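Chains as they are written, first to last, in my numbering: chain W, 1 to 114; chain E, 1 to 111.
Hints in this document: simulated from the structure, not taken from any laboratory.
One or more hints might be untrue.
Claimed, not checked - In silico BS3-like links for lysine-lysine, alpha-carbon gap of 30 Å or less:
id, chain 1, residue 1, chain 2, residue 2
1, W, Lys-41, W, Lys-18
2, E, Lys-98, E, Lys-59
3, W, Lys-41, E, Lys-57
4, E, Lys-56, W, Lys-40
5, E, Lys-57, E, Lys-98
6, E, Lys-70, E, Lys-98
7, W, Lys-18, E, Lys-59
8, W, Lys-40, E, Lys-98
9, E, Lys-98, W, Lys-19
10, E, Lys-70, W, Lys-36
11, E, Lys-70, W, Lys-40
Only a predicted model underlies this, so the values are computations on that prediction, with no experimental measurement involved.
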Amino acid sequence: ETGVTQTPRHLVMGMTNKKSLKCEQHLGHNAMYWYKQSAKKPLELMFVYSLEERVENNSVPSRFSPECPNSSHLFLHLHTLQPEDSALYLCASSQVEKSYNEQFFGPGTRLTVL
Amino acid sequence: TQLLEQSPQFLSIQEGENLTVYCNSSSVFSSLQWYRQEPGEGPVLLVTVVTGGEVKKLKRLTFQFGDARKDSSLHITAAQPGDTGLYLCAGRRSGTYKYIFGTGTRLKVLA
């Protein structure tokens, strides 16, 4: 596997379910990100983990809970979601010491909340 | 809230035509990136520009960073159906490694 991988690619869940999204990066980077992409809205940064420590949380609802056990893996735990949470969830990684901090994205998980 | 406005929002053109997409902000960025995203996939990085006035070329794509580092443009020459996709710009302000994404331009090139 190369680059950034995400599983599952598609997920349908009810509002009372609990599920987790997984992201893995094979680039040796030290920062990982979760983004939400909804129709007609810019990409929204949800969480950043740098050197396995969460450094930013843009007021995301507590029904989204990130976990970063090491620099290669990132999870997004979901519980009691709302239909408006349906979106494409993208994971990205980067090497923050590099001057450009170029981010590399995974293919995303298409989430539908019924 | 920092905003990166892209124009046009939608563009449908015939194969072989030229086009320009714009990315504008009132903020100064230390670097700016352009991505292309195809349906069902994540954004793929095309280029990063860092110097005011910088021009970078990637085959038929020409990227320019504004002199004041507040805006950027992407010009495609002789567009092909394979250029179809969502084009996103993303700017990073000095002192942070976080990128702010633009509103996107959805391009469709018809054969």
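For each hint, the structure was consulted:
1. W:Lys-41 x W:Lys-18: holds (26 Å)
2. E:Lys-98 x E:Lys-59: holds (28 Å)
3. W:Lys-41 x E:Lys-57: Holds. Lys-41 (chain W) to Lys-57 (chain E) sits at ~28 Å (cutoff 30 Å).
4. E:Lys-56 x W:Lys-40: holds (29 Å)
5. E:Lys-57 x E:Lys-98: Since the Cα atoms of Lys-57 (chain E) and Lys-98 (chain E) sit roughly 25 Å apart, the hinted pair holds (cutoff 30 Å).
6. E:Lys-70 x E:Lys-98: Holds, at roughly 16 Å.
7. W:Lys-18 x E:Lys-59: violated (46 Å)
8. W:Lys-40 x E:Lys-98: holds (21 Å)
9. E:Lys-98 x W:Lys-19: holds (27 Å)
10. E:Lys-70 x W:Lys-36: holds (25 Å)
11. E:Lys-70 x W:Lys-40: holds (23 Å)
Against the hints set out earlier in the document, a violation occurs for number 7 only.
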